[in-house]
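Start from the sequences and build out the full structure, keeping to the hints where you can.
There are 2 protein chains.
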Amino acid sequence: MFNIINTMSIDIGVHLKAVRQMFGLSQRELAKRAGVTNGLISLIEQNRVSPSVSSLKKVLDGIPMTLADFFTLDLAGRPPVFFAREELADIGTGSVELRLVGGGLAKRSMAILHERYPAHADTGEEVLTHPGEEGGVVVAGRIELTVGGESRILSRGDAYYFKSSIPHRFRNPGREECEIVSASSPPTF
Amino acid sequence: MFNIINTMSIDIGVHLKAVRQMFGLSQRELAKRAGVTNGLISLIEQNRVSPSVSSLKKVLDGIPMTLADFFTLDLAGRPPVFFAREELADIGTGSVELRLVGGGLAKRSMAILHERYPAHADTGEEVLTHPGEEGGVVVAGRIELTVGGESRILSRGDAYYFKSSIPHRFRNPGREECEIVSASSPPTF
DNA sequence: GTGCGATGTTTAATATAATCAACACCATGA
DNA sequence: TCATGGTGTTGATTATATTAAACATCGCAC
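Residue numbers (the numbering used here), protein chains in the order written: chain S, 770 to 958; chain W, 770 to 958.
Keep in mind that the hints were calculated from the coordinates and are not lab data. Warning: the hint list may mix true and false statements.
No distinction is drawn between identical chains; accordingly, a pair holds when it is met within one copy or between any pair of copies.
Said to hold, decoys possible - Using 20 Å as the maximum straight-line C-alpha spacing, the simulated EDC-like pairs for lysine to aspartate or glutamate come out as follows:
| # | residue 1 | residue 2 |
| --- | --- | --- |
| 1 | 801 | 814 |
| 2 | 827 | 780 |
| 3 | 826 | 814 |
| 4 | 826 | 780 |
If you want it as structure tokens, here you go:
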């Protein structure tokens with residue numbers, strides 16, 4: 770089980786400054802929208818104070834952005850955008866083929882996968898402790914998905930979405946290959 | 770004197786208490802692991818103070834849990850998991866068909882879409898709406914994707930991933946329908 | 001019953017966040 | 001040159017978060 774997100778303590782000040790500038794706001798503009806003083810924003814951006822959650826929320830409301838977005842947002846440079854089929858790294862274990870969109874995994878908020886399950890393939894149960902989410906769409910074939918004890922067989926066009934913390938299992942019950950495009954956020958699998 | 774801290778997107782106090790109890794910790798145990806006093810945890814859980822980000826981080830380190838996890842974690846009941854093809858809400862505008870996995874966007878960290886672009890369909894340029902990310906895999910047909918001035922034609926199996934803040938455009942240059950499965954995080958489009 | 005040892009709560013003292021108003025700087029224009 | 005309006009920063013004051021220690025309650029052992 771990989772955990773790709775680097776969840777080190779982010780630099781609140783630098784982070785806020787970057788976000789503010791991303792939206793083209795000055796400290797005073799943001800302060801006005803947020804109902805705080807420009808001085809406070811200056812102090813926060815210099816890491817000379819650690820804002821209370823309530824005032825950080827007020828500030829982010831002026832952007833606007835949620836606390837969850839703020840702490841989840843990752844400020845990377847501009848990574849590659851397009852990926853040819855052959856460039857998708859296969860990170861599958863066993864017979865299941867898992868092709869990850871975008872080789873460089875760090876600093877992404879999602880992992881997008883192109884998955885192929887041969888006939889009778891089975892991931893087995895997984896136990897996760899991470900509070901992420903995952904979902905996907907069946908593109909071809911059929912798959913039996915079990916989530917928290919509940920099972921269902923999904924066909925082309927059907928979809929799923931659940932919290933990764935719930936134990937889950939994928940199994941191809943049929944004779945044909947099954948193809949799925951899925952996403953996980955944060956990128957754990 | 771009253772000091773009401775409500776109108777937060779999440780109830781920090783209740784949230785922390787739930788998380789703490791989920792891990793079977795008492796206020797004093799957690800306080801010891803976190804390097805703060807039990808009194809502080811009591812006050813936070815009663816929403817009688819709004820903790821500074823730094824002390825909230827210290828507290829969460831004792832659980833252990835990241836700030837991002839804390840603000841992302843959803844304590845609500847279990848939402849639906851499986852979605853039949855017909856249940857995917859079409860949120861498309863114009864000719865492009867956008868089918869959203871799981872109906873409501875509320876309290877989800879991602880939006881997963883099953884998209885269909887008829888021949889010659891075109892989204893037009895889009896402007897920055899949110900500092901999120903999006904990516905996807907082409908399942909059928911061909912699409913011309915332009916991101917930040919850079920264009921490329923993607924075929925079945927090819928993929929893309931970029932920050933939603935960069936202006937982007939999808940255009941179907943061919944005679945066949947194009948089918949894509951995509952994901953956005955946070956869920957905006 | 002009495003006396004733990006655990007729980008969460010509260011109060012007064014102290015450390016720190018947040019304000020307000022002034023400051024220095026850098027543009028652009030009269 | 002000297003305003004003028006923009007930027008981010010700073011010091012002194014006020015508001016609030018945090019501490020340390022005491023309080024009340026509960027369940028359990030003796």
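Q: Return the numbers of the hints above that this structure violates; sort them in rising order.
A: none
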